[in-house]
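On the provided structure of chain S, position chains A and E as indicated by the hints.
In case you want the letters, here they are:
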Amino acid sequence: MAVSGLLFIGFVAGHMYGNLKAFSGEEKFNDYAHHLRELGEPMLPYEGFLWIMRVGLIVALVVHVACAIALWKRAATARPVKYAVKKNTGSTLSSRTMRWGGLTILVFIVWHLLNFTIVKINPSNGETGDPDHSPYGLLVETFDLWWMTLIYLVAMLALGFHLHHGTFSSLQTLGLTNSATSRARARTAGWVVAIVIAGGFSLVPLSVLVGIIEK
Amino acid sequence: MAAGTHYLPGLTPTNEPSVQKSDDAAGFYELGEKLVDEKAPTGPIEERWTTRKFENRLVNPANRRKLDIIIVGTGLAGGAAAATLGEAGYNVKSFCYQDSPRRAHSIAAQGGINAAKNYKEDGDSTYRLFYDTVKGGDYRARESNVYRLAEQSANIIDQCVAQGVPFAREYGGLLDNRSFGGVQVSRTFYARGQTGQQLLLGAYQAMERQVAAGTVEAFTRHEMLELIVVDGKARGIVARDMVTGAIETHLADVVVLASGGYGNVFYLSTNAMGSNVTAAWRAHRKGAYMANPCYTQIHPTCIPVTGSHQSKLTLMSESLRNDGRIWVPKKVEDCEKDPREIPEADRDFFLERIYPSFGNLVPRDIASRAAKYMCDEGRGVGPEIEELQPDGTTKKVRRGVYLDLTDAINRLGKEAVEEKYDNLLDMYERITGESPYELPMRIYPAVHYVMGGLWVDYELQSNIPGLFVTGEANFSDHGANRLGASALMQGLADGYFVLPNTIRDYLADGPFEKVAEDHPAVVEALASVTERVDKFMSIQGTRSVESYHKELGSIMWEYCGMDRREEGLKTAIAKIRALREDFWTNVKVLGSADNINQDLEKAGRVADFLELGELMCIDALNRRESCGGHFRGESQTEDGEALRHDDEFAYVAAWEWGGDSNDGGQPVLHKEDLIYTAIEMKQRSYK
Amino acid sequence: MKLTLKIWRQENPTATGAIHTYELDGVAKDMSFLEMLDLLNEQLVLTGEEPVAFDSDCREGICGMCSLMINGEAHGPEVTTTCQLHMRSFNDGDTITIEPWRAEPFPVLKDLVVDRSAFDRIIQAGGYISANTGSAPEANSVPAPRDKAMRAFNVATCIGCGACVAACPNGSASLFMGAKITHLGELPQGQPERWSRVVDMVGQHDHEGFGGCTNIGECASACPKEIPLDVISQLNKDLRTAMKNGL
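Chains as they are written, first to last, in UniProt numbering: chain S, 1 to 215; chain A, 1 to 687; chain E, 1 to 247.
For reference, chain S alone in the conformation it holds in the complex (with noise of 0.2 Å):
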């Protein structure tokens, strides 16, 4: 769980990084985009990194999910009757949440992906399969709609959560926290990767709903 995690988190944070590349206009945005299918050539075909990436993603979410549900099963068993009254003193609102935030995170990866790699929805005009090429332009498109910024907004919300909790979690887990100090060294980098990942992310979208990306 913690290194699939780990995985994501650099998956994540590179895959914002990519994104803050909209702040440098249209060409810069779709070179990148054409050059993430180019990296490692010729070492590697054309696409070879981003299908290297994508198993690679695909094996840490199943690993990833397969421990949830593991987990989940296992609380629920370990606890069949629940309590009258149950209060949470010692826990973060993110670290009770990270059953749900994921659902919530897994839900979005659908709908994310169908709007930008697979079918390529653009939900402005309902055309699929990108006719322009142009990811800059299904981005702005896209973001255009408040509603759907408000959906990514609220995908990012749930990222964050989940990387606040899970970032210290999975430090935890691999246990690298063995002293106060460590623990609380964690718990910053919890904050920080969920403040640079998820308010990075919703940079872009925001700056297209209020126009400071534009076509």
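The set of hints was computed from the structure by calculation and includes no laboratory data. Worth double-checking, as some hints may not be accurate.
[As the list claims (entries may be wrong)] Dumping the calculated SDA-like pairs for lysine to any residue here, alpha-carbon to alpha-carbon at most 25 Å: (1) E/K244 / S/S182; (2) E/K29 / A/E546; (3) A/K420 / E/E78; (4) A/K396 / E/T97; (5) A/K396 / E/G26; (6) S/K87 / E/V79; (7) E/K244 / S/K120; (8) S/K82 / E/T97; (9) A/K550 / A/S308; (10) A/K414 / E/T80; (11) S/K86 / E/S89; (12) A/K66 / E/N132; (13) A/K330 / A/G287; (14) S/K86 / E/K148; (15) A/K34 / A/G287; (16) A/K395 / E/L39; (17) S/K87 / E/N91; (18) A/K120 / E/H20; (19) A/K21 / A/K682; (20) A/K588 / E/L39; (21) E/K2 / A/T432; (22) S/K87 / E/G72; (23) S/K73 / E/K148; (24) A/K396 / E/M150; (25) S/K86 / E/E78; (26) E/K148 / S/S182; (27) S/K87 / E/Q10; (28) S/K82 / E/G26; (29) E/K148 / A/E415; (30) E/K6 / S/L71; (31) A/K396 / E/M1; (32) S/K82 / E/H20; (33) A/K682 / A/E638; (34) S/K120 / S/V210; (35) E/K6 / A/G591; (36) S/K73 / E/G203; (37) A/K420 / E/M150.
[Claimed, not checked] Computed beta-carbon distance windows for the label pairs: (38) A/P383 / E/P77: 20 to 30 Å; (39) A/R543 / E/E226: 38 to 48 Å; (40) E/N91 / A/N410: 33 to 43 Å.
Given the structure is predicted, the values throughout are model-derived calculations rather than measurements. Cβ atoms here follow ideal geometry from the backbone N, Cα and C, with glycine treated the same way.
The following block gives chains A and E in isolation, referenced to the frame of chain S:
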């Protein structure tokens, strides 16, 4: 001198056997034959135990797994014995009433454990620890037992460290020591204020390791309710499964009682709620002698009672007396005042006043009694508590004296005091709601430990063959008073080192013929327990078990507490008899006997306390002298100091059950003379 | 003080339980929480109702026998055991809900009493140092660095009460296990069995049916002895090392 030489051939006794002249308890007991410890060793004191270990027979390893040992209790003495005997390959069955062996009350010991390691090179030695222990016990312990205890003390530390007990350490990584309880050498090993907990967990873990290995079977939530004696030998117990209510027989080749002390006879004590005398008392009723039952240690520094709802008392480590000054207001009218408003001149630092050389560090019994007298005079502090008076009426009394850390805080700084006593002061604040940094603490003595217990010989075997008794449950090592940090030492010495070396001599005669479940003695024991349980369930009177226990406690505390006198003890005996009679006709136990029933459990314990309490009073009445934890008002010096009468009472009083006094029975007193060859009796003085 | 108590009553392990409501008057601020229940029980006995069964023994916060979920918090609102919780933490007129620890490996035996023998079995699996009586070397022959000894002591204060399990949304006993693994693993004497210990204890923990740890932290906040969350990290680290060693 003839009697003396009888016990210790070839040695020169330093005292004559005593001859009792007074007979305060006449009419309450019968005098039986003198008792002799047939297993007492001879030879120079430092060789006695080594010789005995060699002379005691061995048990062939192949035979060990055919030998069944029952151990009742899982504290330091019982847990350590279960682990050690399990390791040796015997078949051990361990019983405790708690839900886990780890909860035995040894866990609550705070201060530390003594060991004659002499790591500080401050003049400590086995002989000095022996000397301090015999002297601290006011010359009422057997010298051979005490010397053996002192000898084993160093091994205990080695054993515990190897098990992972996290003792306090110095910066170099070596073990730290402190001096404790007014002793002038640093021989106390400690794990902050939780030494008992850490030692017990060590023994518990060692025992659980044997459970995993299959040599020990643990029966938790099981209470021993009867001893099975077949052909004069202890061969098993009857226990109640406290979850299902099933009454079970467990048969074995030998039975070990490590069931702790009976301080709860006073209702309020520092013992755990469940601590009881039942295992020992059932054995007593089956013929085992009860020795020195009146020797009770009353600890001076406990948190005072706040009201009638109080269920137990909490100890504050005695180490506080190193830094705290103890006082009460000089004027009765000041007792209600905020202590900060009472000027220094109006404070009576009574221990410093009466005992100028030892001051606040006088021994436990002296400090306790002095506090009692101050409160009796009406100069106590804290809430007023309704209390039974000697004449049977009730009166409101403040039971508390101040233990003031102000001087220490001013001298050492708040931080230093905090570091020294951190969790202790927090605990005080949690219980009382008052901060010791702002207000002087209030303390009052409370029953803490009993030196009395089942009589055992040098091999820790009672007068019933096959019944061994260890730890606080036996009477053997502390005499009339126990030194601080010695209870842990004795429990572990008995469990790890003494019992395993003595029990083998008894077991070497085995394997014994198996006892059949339908043997008349087994059937009788089982039937008597069932009958007793049915009796409790059928009385359906009007009073709760708890209320009887509380009433017994107040009788014991008033008449058989810190200051015992002939008239009071006689009153107490009459009151206890009446209370016991009422109990058996008017107690109310609800629920059923076939699942958890805490009132039923308690009813059995209180019934036994009601018999024990009477015996304690008779023992106290007979012993018209003051020694250690036993203070008879009639036997004091002109300055109010305890006065011993070695010529009359240098003996162990071993009592044989003679039937319920309400049915005309009387206990039988057997005296075991105490003869010293390695040490000379002296009268102590702390002025 | 006058209180309304809502208490879980259950006749035996197989019976169906329910919350019963009692009114209790005459509660003093200086009473401990358990003395308040004693008062209730005394009154129940007089009115002919069976008293409420609950566990307690030392009543000074060290034996770990007492439990109770009080208004949704293990051992109630203060950082201490139920026996050391006093009624001054409550107000006149309060309603207090009292439930047993809830976890599949801690079955309810009666009312508020649960069976925690699963903890003993976890210790049996490896929570010890194998040192037969009499085989110990001289105590000072193996120095233990003071900081490590201090850490070992701090976590060895665990009283095995089970509050960590009760508070954990996953029903995990990782804090309990981590405390023992850290205690023994910090000491030189604990090294020979260090890796097998963690593997065996975790195996037993899972076998008992405790939940998995997701590092939520409710355990550490409920712990009356303030065992920190880093013992779970230590457990994980030791487990990882053990697996690397092929155990």
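Checklist entry - Honestly, which of those hints from before does the structure not fit? => result Hint check: 4, 7, 13, 14, 18, 23, 24, 28 and 30 fail, others pass.
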